[in-house]
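Q: Residues per chain, in single letters:
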Amino acid sequence: MATVPKPSELGKVDHRPPQRPWTETTPEFRPGTFCYGAKAKNLDVVGMPNPREWNPADEDWKLPDDWKDITLKGMEDRLNKFRSFKLFMDICVRCGACADKCHYFIGSGDPKNMPVLRAELIRSIYRKYFTGSGKIFSKYAGARALTEQIIKEWFYYYYQCTECRRCSVFCPYGIDTAEITMMGRELLNELGCGIDWIMGPVANCYMNGNHLGIQPHAFKDMIMFFVDEIEAVTGVRVEPTFNRKGAEVLFITPSGDVFADPGTYTLMGYMMLFHEIGLDYTWSTYASEGGNFGLFTSHEMMKRLNAKMYAEAKRLKVKWLLGGECGHMWRVINQYMDTMNGPADFLEVPKSPITGTVFENAKSTKMVHIAEFTADLIRHGKLNLDPSRNDNKIVTFHDSCNPSRAMGFFEEPRYVLKAVCNHFYDMPENTIREKTFCCGSGSGLNTDEFMEMRMRGGLPRANAVRYVHEKYGVNMLACICAIDRAVLPPLMNYWVPGVNVTGLHELVGNALVMKGEKKRTTDLRYEPLPGMEEEEEAEDV
Amino acid sequence: MNASQSMVFSLVAVGILVCLPLIGVTAGMTSLFGVIIPYAAVVVFFVGIVARVVRWARSPVPFRIPTTCGQQKSFPWIKADNLDNPSDTKGVVLRMILEVLLFRSLFRNTRLEFYDGPKIRYASAKWLWLGAIVFHYSFLVVFLRHLRFFTEPVTPLVTLLESVDGFLEVGLPRLYISGLALLAGVTYLFLRRVSIPQLKYISLPSDYFPLFLIFAITATGLLMRYVFKVDIVGVKELTFGLATFHPVVPKGIGVLFYIHLFLVSVLFAYFPFSKLVHMAGVFLSPTRNLPNNSRMVRHINPWNYPVKVHTYEEYEDEFREKMIEAGLPVEKKE
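So the protein lines, in turn, are chains A and B.
Residues in the first sequence are numbered from 1 upward in steps of one, following the numbering used here.
Residues in the second sequence are numbered from 1 upward in steps of one, following the numbering used here.
These are computed hints drawn from the structure, not numbers from a lab.
Think of the CB as a built atom: it goes at the ideal place given N, C-alpha and C, for glycine as much as any other residue.
Careful, some of the hints might be misleading.
List time: in silico DSS-like cross-link candidates among lysine-lysine, alpha-carbon distance up to 25 Å [stated by the list, open to error]:
1. Lys139(A) x Lys119(B)
2. Lys308(B) x Lys41(A)
3. Lys314(A) x Lys363(A)
4. Lys317(A) x Lys79(B)
5. Lys363(A) x Lys79(B)
6. Lys322(B) x Lys314(A)
7. Lys62(A) x Lys6(A)
8. Lys119(B) x Lys12(A)
9. Lys6(A) x Lys119(B)
10. Lys418(A) x Lys79(B)
11. Lys382(A) x Lys79(B)
12. Lys435(A) x Lys126(B)
13. Lys333(B) x Lys245(A)
14. Lys308(B) x Lys39(A)
15. Lys128(A) x Lys333(B)
16. Lys471(A) x Lys518(A)
17. Lys245(A) x Lys322(B)
18. Lys128(A) x Lys200(B)
19. Lys314(A) x Lys126(B)
Pair ranges (Cβ atoms, derived) [what the hints assert, rightly or not]:
20. Leu94(B) x Lys418(A): 25 to 31 Å
21. Tyr526(A) x Leu94(B): 31 to 37 Å
22. Ser138(A) x Ser195(B): 54 to 60 Å
Covered by chain A, according to a simulated footprint, are these stretches of chain B (three or more residues, beta-carbon under 8 Å) [unchecked claim]:
23. 94-105
24. 116-125
25. 145-152
26. 301-315
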């Protein structure tokens, strides 16, 4: 694995394009800038085409003989299935408004990371084979013949896009590069040219219910470990149930929360909250993954993985679904789930058993976001909160791409945040809400071999954090996304040392005053609560 | 192709297009350039646009994928942004009106400022928006003003437009702001394209060609009106003849007019096959013209098909023993 250059080196970015036209440049598969290819065994698990051992850095990609036909047929098929794809191939005027909006372009200066050029990579092929003018005028009409080199270029740049949709906010026609990247990746996957960091989790999720491939007994064990942890901090023993029929609510969160810090503290926060309000809920080991790396593979794979949520809800005869903090999971739930795997007519319109609030905005999908749920609890005064327990945390909030630009989820998490901590400062306006910057590792690119590009892509986000870090002393970056929780800590270490990362419900867990709790001296990370530093030391001795 | 090749190619193309009527009309082909080509161009335009829209419309919108640029609708006590994140048709219509008429998304534009350190700032950048507004609206006004040539008596709308457009009341004939604004707009769009390195890098011949073409159309129009006068009575006779399907070709209209008319014809015919179809396409963009209500109302995908899934039964079959051992409930004990 390549070592990542120092921040001072990586921070020197030249945004001026090279002399050679982009049609004549080819990507250099340099370690740190691309992800490993999908392994045959993972493709086999889910029955995806052209499984083989291969390496993107090799000259020979072992493409199937009819790779060109597959690609062009695949394009035609998708042009006929997705108006978005067809329209976005035709209407771009190359005004360049999107160019400097992409975090990868900002951090790398590579002109093909400008969303407009990323789209042109496939648009030029579209013109050549699907438009009259492209067939006749060829390069004069901006058309290119499809070559193996272009497949490699697609791989390089469609796995250097996190499908964050920031560019589509600024596009005067709403052209969404995520759509184009999704099509590009679908075509690549038809040739067996996916990346393993996506296909591994896909295969695991398909067979075992979650990205890590955690088996049912181990999943339970891991959660029970955090039950002990909660007890150690609060003195309260929470009692989660698993695969329990007849529970009112099925709770699904990304599996990252179950196994990796700091997501695990968020997991503790969820369980403390549910215990405190007496929510009748169950976990599922079968549907033990909120995230959906199918979204980063193909629409079909997204549907295949997502199907478990409704299937399990039906089997367990729950009334409605509650979803944890996750970015792309919520894009799938908000914009795809009901269409793909609904109608969920076997469920009831979600109603908070504590406040009686009916979640009208989820009346068809029947799935509620945990931050909505908690905001409603707080609004109705159902939680006893002591925000001063978070007083040593000066917090800012990272709007995750998908809840922001595929949902519009801005005020609910902020409402919760302001109720559970006293020091909250937003980052500058151009870097939050619908204009938020990606963590740089979304859409399945959160792998270590891609670290250099991750640090580059995360630079705009880190830069905005540094601004509030220097101005207000912010030392905690809150987020509602499992990938964020996994990737923002290294990003902060790299660009803005001194800023930690937390999930929203970790802060809720800290602030939540539970019935029967012992005198708390630490937060969920076993770090002393404000004012308890000495007691902690005394205890340690 | 690099930027200069693209520009030269487009420039030469427009140059040839200017020469064609120049040669043709001098050689006496006035009916061809005055009647046949304009008719053909208008037919190509309408048929082409309709075909294009039908082509788009034939592909379904399988998923509701609006780009949400404001707060979603959730609780009554959280103010939803129905304009940038519409949850109903009314909001969508408003969003589209602002998008189409005021270029709202473009108004958000910022400019990256990257300093050593690294330190990044995002500066306000409304020039593109302003340039686009000036260009499109002046073009619209110029277009509408030309209705004078196709109606008799001239519709009051055109007369009103002319009086507003010529409010400066200078020059003879009276100076219209829109003509100059259009020239300025198209010049700005061109200068912008060649002076911003990234933009120059992404530009294709098909980006320069319409700019040069529109520049040439505007320039010939301005020249005709203010400098080299053509026989305006003859022009109206010809254009009105076209509009009433009784084409006549009066003699003695200057060749400049035929060049202007031919370039306009080319623009019409080129329109449906070029990026200029964004005029129609913007209405169909699924990231803008759909409400963000997919959790409230189920969106139907016409080609939704069953997929292979790993069922709970298969899952339990694989893990049953481990599940029983861990105290997890199972469907089948054996």
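Q: All hints, please: hold or fail.
A: Evaluated hints:
1. Using a Cα cut-off of 25 Å, the hinted pair Lys139(A) and Lys119(B) is violated, with the two alpha carbons roughly 39 Å apart.
2. Taking the CA atoms of Lys308(B) and Lys41(A), the gap is near 18 Å; set against the 25 Å cutoff, the hint holds.
3. Taking the CA atoms of Lys314(A) and Lys363(A), the gap is near 16 Å; set against the 25 Å cutoff, the hint holds.
4. Taking the CA atoms of Lys317(A) and Lys79(B), the gap is about 34 Å. The hint is violated against a cut of 25 Å.
5. At most 25 Å may separate the alpha-carbon atoms for a hinted pair to count; Lys363(A) and Lys79(B) meet this at roughly 19 Å.
6. Annotation: proposed proximity of Lys322(B) to Lys314(A) holds, straight-line Cα distance about 23 Å (limit 25 Å).
7. For the hint linking Lys62(A) to Lys6(A), the alpha-carbon distance of about 35 Å lies beyond 25 Å, and the restraint is violated.
8. Taken as a hint, the Lys119(B) and Lys12(A) pair is honoured in the structure, with Cα atoms around 10 Å apart against an allowance of 25 Å.
9. Pair hint Lys6(A) plus Lys119(B) holds up; C-alpha atoms about 16 Å apart against a cutoff of 25 Å.
10. Between Lys418(A) and Lys79(B) the alpha-carbon distance is near 17 Å, which keeps this suggested pair within the 25 Å criterion.
11. Distance check on the hinted pair: Lys382(A) and Lys79(B) sit about 22 Å apart at the alpha-carbon level, within 25 Å; holds.
12. Note on Lys435(A) and Lys126(B): the hinted pairing holds, with a Cα-Cα distance of about 16 Å set against a maximum of 25 Å.
13. Between Lys333(B) and Lys245(A) the CA atoms are separated by roughly 16 Å; this keeps the pair inside 25 Å, and the hint holds.
14. Distance check on the hinted pair: Lys308(B) and Lys39(A) sit about 21 Å apart at the alpha-carbon level, within 25 Å; holds.
15. As the CA atoms of Lys128(A) and Lys333(B) are separated by approximately 60 Å, the hinted pair breaks the 25 Å bound.
16. A hinted pair counts as satisfied when its Cα atoms are at most 25 Å apart, and Lys471(A) with Lys518(A) does not qualify at roughly 37 Å.
17. Of the supplied pair hints, the one linking Lys245(A) and Lys322(B) holds, its CA atoms being roughly 19 Å apart against a limit of 25 Å.
18. Taking the CA atoms of Lys128(A) and Lys200(B), the gap is about 22 Å. The hint holds against a cut of 25 Å.
19. Proposed proximity of Lys314(A) and Lys126(B) is contradicted: the alpha carbons are some 52 Å apart, above 25 Å.
20. At roughly 30 Å, the beta carbons of Leu94(B) and Lys418(A) sit within the given window of 25 to 31 Å.
21. Hint check: Tyr526(A) to Leu94(B), Cβ distance near 52 Å, so the stated range 31 to 37 Å is violated.
22. Between Ser138(A) and Ser195(B) the C-beta distance comes to about 28 Å, which lies outside the given range of 54 to 60 Å.
23. Against chain A, the segment 94-105 of chain B contributes 3 residues with a C-beta closer than 8 Å to a partner C-beta. That satisfies the three-residue criterion, and the hint holds.
24. Residues of the segment 116-125 of chain B with a Cβ under 8 Å from some Cβ of chain A number 6, which satisfies the need for three, so the listed coverage holds.
25. Counting residues of the segment 145-152 of chain B whose C-beta sits closer than 8 Å to any C-beta of chain A gives 0, which falls short of three, so the coverage hint is violated.
26. Under a criterion of three residues with beta carbons nearer than 8 Å to beta carbons of chain A, the stated coverage of the segment 301-315 of chain B is upheld, 10 such residues being counted.
Hints 1, 4, 7, 15, 16, 19, 21, 22 and 25, counting from the list given before, are not met by this structure.
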